[in-house]
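Chemist: So you can see what is in the structure, the chains are spelled out below.
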Amino acid sequence: MIFLKSFSGNRYFLFGCILAVFLPGCAVAPVTTPGGQEDPFPLKIQSVSPDKFPPQAAGASTVRFKAEATGGVGEREYIFWSSDGKAETAEQKGLSPMWDWSPRDPGVYRLRVVVRDAIGNTADSGWSPEYRIELATGLNSLIAVMPVENLTGMPIPVSEVRKSIIGALKRKNFNLLPEDVLEGFLERHRIRYTGGINRELAKTFREETGTNAVLFVSLELFDEAVFPKTALGGRLVSTHSNASILWMDSVGMAGNDAPGFLLLGLVDDPRVLWERARDRLVKSLTRYLSGGMPEDARKIEKKFLPKSFIGHPPKPPVGKEAYSVAVLPFRNESTRRYAGEILALHFIRELSKAGKLKVVEPGEVRQALLKSRTIMEGGLSLPQADILHDVLDVDLVLDGVVTEYQDANSGWTKPKVDFFTRVFDRQTRQIVWSSYSYNLGDDGVFFFNLGTVNTAHGLASGMVRSVIERMDTVMDGGKEQIGGAVPPVSK
Amino acid sequence: MRWKRNNHFRLALLFFLVSAGCATGSSKVVFRDPNMDFGSLQAVAVMPFTNLSRENAAAERVRDVFMTMLQATGGVYVIPPGEVARGISRMSLERPASPTAEEVSKFAKNVNVDAVFTGTVTEFGEVRSGTATANVVSMSLQLLEAQTGKVVWSASSTKGGVTTTDRLFGGGGEPMNATTQKAVDDLLEKLFGK
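Listed in order, the protein sequences are those of chains C and F. Just so you know, we're using our numbering here: the first sequence kicks off at 1 and counts up by one. Just so you know, we're using our numbering here: the second sequence kicks off at 492 and counts up by one.
No wet-lab data here; the hints were simulated from the structure. Be a bit skeptical, because a hint or two may be false.
Straight-line alpha carbon distances no greater than 27 Å define the calculated DSSO-like cross-link-like pairs of lysine-lysine that follow [what the hints assert, rightly or not]:
no. : chain 1 : residue 1 : chain 2 : residue 2
1   : C       : Lys283    : C       : Lys315
2   : C       : Lys353    : C       : Lys203
3   : C       : Lys66     : C       : Lys93
4   : C       : Lys172    : C       : Lys414
5   : C       : Lys371    : C       : Lys414
6   : C       : Lys303    : F       : Lys641
7   : C       : Lys371    : C       : Lys283
8   : C       : Lys302    : F       : Lys600
9   : F       : Lys600    : C       : Lys414
Which residues of chain C face chain F? A partial, calculated answer using Cβ under 8 Å [said to hold, decoys possible]:
no. : residue
10  : Trp127
11  : Asn332
12  : Glu333
13  : Gly378
14  : Thr403
15  : Tyr438
We put the CB at the ideal spot given by N, CA and C, even for glycine.
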């Protein structure tokens with residue numbers, strides 16, 4: 001009993017000894033600086049990140065930059081620098097790792113953070129990639145809603161569609177250009193093409209009506225059959241001299257997209273489906289104008305990867321950081337009307353969203369094609385590509401062929417999309433990207449229609465996003481050459 | 492007992508013969524000029540293909556797939572189809588799908604390529620066997636050298652068709668694009684001799 005008691009008392013002592021021996025062994029030896037102070041870790045900037053993606057609106061948005069630094073001795077001092085390409089300005093100096101930036105002038109900016117610790121060690125983040133600030137567009141900006149472009153290939157009451165969109169925008173308190181002013185402008189300038197805008201016209205729009213941005217809506221699909229389907233897209237273009245694309249998004253929906261438990265999620269009424277699609281698009285635009293992050297949680301799916309592709313990094317543009325690209329309407333070899341225009345819009349949207357390339361407004365591209373009288377019989381030739389490069393001042397020209405763009409027209413058929421893409425480089429005068437993509441709506445579906453894509457819009461969106469993702473890998477210059485072929489999908 | 496064993500053997504033999512008859516493997520008919528240095532080819536042009544199938548757009552589709560997949564091998568640079576069209580237009584070629592040796596030489600010089608591909612799509616579409624249907628693609632290609640206009644490589648491939656599984660279980664075979672991709676892949680294997 002005595003023995004047990006003394007063992008119990010010794011046990012605590014023994015554990016104490018073991019802890020005392022092991023814990024100092026785990027300690028990291030401090031580094032002593034020449035000044036005699038201890039510097040446990042070198043000072044490092046881990047990240048500098050904005051809370052809003054570019055482009056943002058001048059005089060309307062406030063972007064919060066947050067710097068994360070580690071190591072160093074004592075308190076850290078943060079100095080935020082900005083550069084507009086002409087001058088470098090120290091914007092904020094202090095102990096706060098956050099800086100609220102409210103740029104007043106449109107332009108292309110770069111930002112940099114320098115951190116200094118208590119004993120004078122410094123860390124520099126280096127200049128960030130370009131951050132574009134566009135001419136003011138916010139919820140209060142004056143926006144003109146252009147007549148809806150009908151890409152359905154069928155007669156659709158587009159004026160009703162437009163009224164429905166305008167109604168939804170007004171409910172969100174958008175500041176829209178009055179109808180009579182818009183009609184007067186369209187008549188005065190004899191504007192018949194309402195699917196895009198060129199630089200001169202954008203400038204005139206701004207000068208004559210005070211419009212800050214023009215909204216283009218294109219209706220891709222409106223099918224009232226059971227189950228109904230609809231697809232529409234929107235694009236907001238600045239009336240600033242360069243007519244840049246500020247926002248672009250699209251929505252494609254089918255009534256049987258989400259059947260849910262006991263098929264309670266099925267939508268039979270085309271009006272209900274239309275309202276859902278319209279509201280989603282308006283929500284996306286409102287989010288952009290409020291300065292929010294783009295909402296796009298869809299991932300790159302392996303089944304949508306191009307079946308065959310090759311890419312070489314193009315030569316870096318002289319005097320510019322980002323490549324600029326013009327997307328031409330695809331040559332349409334499918335039975336679907338306007339498939340070429342629709343696929344080009346898919347590419348413009350995904351390229352704009354990716355934000356790595358500067359995409360030229362399609363109205364500007366159309367103007368250049370008309371001015372140069374370019375007829376691409378059999379595809380784009382090198383002299384034609386040269387002309388477009390010069391007229392539009394772009395580094396890359398993307399064109400392609402669409403051979404299938406088919407929506408399901410009954411319960412038994414599945415949507416089908418099939419296209420080829422090519423990118424011409426200005427400097428090398430060669431094709432730097434070539435790919436072939438095709439998919440069916442039920443690719444990769446094995447059980448209970450899980451993962452079925454019910455619209456060609458949904459299919460094309462996934463496929464185009466995959467192409468852009470692969471293309472970005474090449475443009476980033478990470479690899480000398482990227483290419484390969486994916487085996488055909490086996491059923 | 493002996494009769495039973497023989498019967499099994501006969502059944503197995505019959506099954507083997509019938510199964511072999513259903514096979515749709517591609518033929519290995521390839522011509523390759525032994526004197527040609529294929530490694531010297533840097534840029535090639537693909538002429539519009541001749542279409543002998545019932546599908547109107549078959550030749551264009553197969554050509555586009557072939558051009559993209561050939562470029563994707565990284566072995567040669569394929570000039571854009573617009574450049575080919577410009578070359579044809581400038582030379583006023585009457586039959587670009589089957590040019591003469593002189594025309595090939597001139598054309599290659601014009602568009603600055605080392606060789607020219609010509610091709611024929613003989614079958615493209617659905618075939619039926621009893622109640623079963625499937626897609627089939629059949630095509631042949633020739634590679635003409637730029638200096639002399641001579642054929643230095645030629646091959647053909649057929650992919651798809653109604654298989655035993657299709658006959659037994661139905662299903663309609665693979666999609667047209669997948670069948671085309673397989674046929675082109677087969678030809679590229681024959682070209683690069685993998």
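Chemist: If a hint holds in the structure, say so; if it does not, say that too.
Modeler: Cross-check of the supplied hints:
1. Lys283(C) - Lys315(C): 39 Å, violated
2. Lys353(C) - Lys203(C): Distance of about 24 Å is within 27 Å: holds.
3. Lys66(C) - Lys93(C): 13 Å, holds
4. Lys172(C) - Lys414(C): 37 Å, violated
5. Lys371(C) - Lys414(C): Violated: Lys371(C) and Lys414(C) sit about 40 Å apart, past 27 Å.
6. Lys303(C) - Lys641(F): 42 Å, violated
7. Lys371(C) - Lys283(C): Violated, at about 37 Å.
8. Lys302(C) - Lys600(F): 42 Å, violated
9. Lys600(F) - Lys414(C): 46 Å, violated
10. Trp127: Not OK, violated: Trp127(C) not within 8 Å of chain F, min 35 Å.
11. Asn332: 11 Å, violated
12. Glu333: 6 Å, holds
13. Gly378: Because about 3 Å separates Gly378(C) from the closest Cβ in chain F, which is inside the 8 Å limit, the hint holds.
14. Thr403: Holds - the Cβ of Thr403(C) comes within 8 Å of chain F, reaching about 5 Å at its closest.
15. Tyr438: This hint holds: Tyr438(C) lies near chain F, its Cβ roughly 4 Å from the closest one there, short of 8 Å.
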